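Trainee: Chain order of the listed sequences is A and B. The opening position of the first sequence corresponds to residue 1 in my numbering, with each subsequent residue numbered one higher. The opening position of the second sequence corresponds to residue 101 in my numbering, with each subsequent residue numbered one higher.
Since the hints were made in silico from the structure, they are not lab data. Be careful, since some hints might not be right.
Claimed, not checked - Pulled a few chain A residues facing chain B out of the computed Cβ check, cut under 10 Å:
id, residue
1, E3
2, A11
3, K13
4, L17
5, P19
6, G21
7, V36
8, G38
9, G42
10, E50
What the hints assert, rightly or not - For the chain B half of the interface with chain A, some residues (derived, Cβ under 7 Å), not all of them:
id, residue
11, G135
12, V145
13, L173
14, I174
15, E175
Since we're looking at a predicted model, the values are computed, not measured. Quick reminder that beta carbons are idealized off the backbone N, C-alpha and C, glycines included.
Spelled out from the first residue to the last, the chains are:
Number of protein chains: 2
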Amino acid sequence: MSEFRFAVNVAPKPGILDPQGRAVEGSLGHLGVEGVTGVRVGRRVELTVEAATESEARATVDRLAHELFANPLIEAFEIERIELPAEVAR
Amino acid sequence: MSEFRFAVNVAPKPGILDPQGRAVEGSLGHLGVEGVTGVRVGRRVELTVEAATESEARATVDRLAHELFANPLIEAFEIERIELPAEVAR
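The shape of chain A in the complex, shown without the other chains (with noise of 0.2 Å):
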């Protein structure tokens, strides 16, 4: 068995409204920042998978992902693999 780490980036899809992003925009002014645009907050998780393969690792993210981390109405995620030295990653 071996250890493989992931992070999980969740976000609001195309077209759903984010209000945290609506919030971070309006500060901007205030911050005197001008020319950010498109600004989408969503999650991110890291985890620690102990599996035999990657790609069976990989396959618990996914159902993760898909049952408690995005909601598949509203958000989107994409799985990123992370790779680290073996004492950051417990």
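Given the coordinates of chain A, assemble chain B onto it according to the supplied hints.
Mentor: Quick look at chain B alone, frame taken from chain A:
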């Protein structure tokens, strides 16, 4: 001026309590999932910055990450450049 898209990944610093991560780990048993450890739940903010150079755009993102996206006392962040077709970056 060009447009550059970035993501800012914000996560609880090591050693800082992560109640959402613990909640996820507590749910794994109910889902019948084993072998998952080290769950950390953070935020991911994606944004487009208009600037003369990528380095200037990145400086804006760094400032926003410090002042708006992350609480530097308890959270760490990393900035990631996103290469996307122009129509998605908007």
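Trainee: Are there hints from earlier that the structure breaks, and if so, what are their numbers?
Mentor: 3, 4, 5, 13, 14, 15
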